[in-house]
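Novice: Sequence:
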Amino acid sequence: MPKIRCRSEIDAPSGDMHAIVAALRRLAGQTTTGERPGSRDLTLDPEDLDYAALDYDASIEVFDVLDDESAETGRALVVWTVTFSVRDVCAAAVQRYRDAAFTDFVERLGLEWPAVVGIAS
-7 MPKIRCRSEI DAPSGDMHAI VAALRRLAGQ TTTGERPGSR DLTLDPEDLD
43 YAALDYDASI EVFDVLDDES AETGRALVVW TVTFSVRDVC AAAVQRYRDA
93 AFTDFVERLG LEWPAVVGIA S
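Position one of the sequence shown corresponds to residue -7 (the numbering used here), numbered consecutively onward.
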């Protein structure tokens, strides 16, 4: 099966983990309702994607956003990377799987992030 790797750069209002999780949740909500900017109405046969069998590897990296003088702006760039295998590499199948993986990842992050922040502090 072909492996797909997607990378998304997401603007967050601050580097605070509360703000990052909230920004990712808003984006995930837009993804599931089709309200994401530039989203298209893609119709797939339900067998093209098995949401119950999501199998992906994902991570986020958080970077401070700097202004022209290299001073921190308080904003953060969140880079979300996901890798997954798909049976069909058509754009619609890849987008649906990516969106489902993103929503699942954000839900898990929202449940687990206090433990992650506690370890990092």
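Think of the hints as simulated: they come from the structure by calculation, not from any bench. A portion of the hints provided could be inaccurate.
[Said to hold, decoys possible] When the alpha-carbon atoms are kept at most 20 Å apart in a straight line, the in silico DMTMM-like pairs for lysine to aspartate or glutamate are as follows:
| no. | residue 1 | residue 2 |
| --- | --- | --- |
| 1 | K(-5) | D59 |
| 2 | K(-5) | D96 |
| 3 | K(-5) | D91 |
| 4 | K(-5) | E99 |
| 5 | K(-5) | D49 |
[To be verified] Pair by pair, the computed Cβ-Cβ distance ranges are:
| no. | residue 1 | residue 2 | range |
| --- | --- | --- | --- |
| 6 | E53 | E99 | 16 to 26 Å |
| 7 | L58 | A84 | 18 to 28 Å |
| 8 | S77 | A11 | 28 to 38 Å |
| 9 | R79 | L58 | 33 to 43 Å |
| 10 | D56 | D80 | 20 to 30 Å |
We treat Cβ as the ideally placed atom computed from N, Cα and C, and that holds for glycine.
Novice: Honestly, do E53 and E99 meet the 16 to 26 Å range at C-beta?
Specialist: 19 Å, holds
Novice: Just to be careful, I want the Cα atoms of K(-5) and E99 compared with a cutoff of 20 Å; is the pair within it?
Specialist: With a Cα-Cα distance of about 23 Å, the restraint between K(-5) and E99 is violated, given a limit of 20 Å.
Novice: Determine whether the Cβ-Cβ distance between L58 and A84 falls within the hinted range of 18 to 28 Å.
Specialist: 37 Å, violated
Novice: Can the restraint linking K(-5) and D59 be considered satisfied, given a maximum Cα separation of 20 Å?
Specialist: 37 Å, violated
Novice: Going straight from one Cα to the other, do K(-5) and D91 come out at no more than 20 Å?
Specialist: Distance ~16 Å between K(-5) and D91 Cα, so the pair holds.
Novice: Taking the CB of S77 and the CB of A11, does the distance hold inside 28 to 38 Å?
Specialist: 33 Å, holds
Novice: Is the hinted range of 20 to 30 Å satisfied by the C-beta distance from D56 to D80?
Specialist: 39 Å, violated
Novice: Could you check the hint for me, namely that R79 and L58 are 33 to 43 Å apart, CB to CB?
Specialist: 42 Å, holds
Novice: Holds or violated: are the alpha carbons of K(-5) and D49 at most 20 Å from each other?
Specialist: 11 Å, holds
Novice: When you check the alpha-carbon spacing of K(-5) and D96, does it fall within 20 Å?
Specialist: 19 Å, holds
Checked against the numbered hints given earlier, this structure breaks hints 1, 4, 7, 10; the rest are met.
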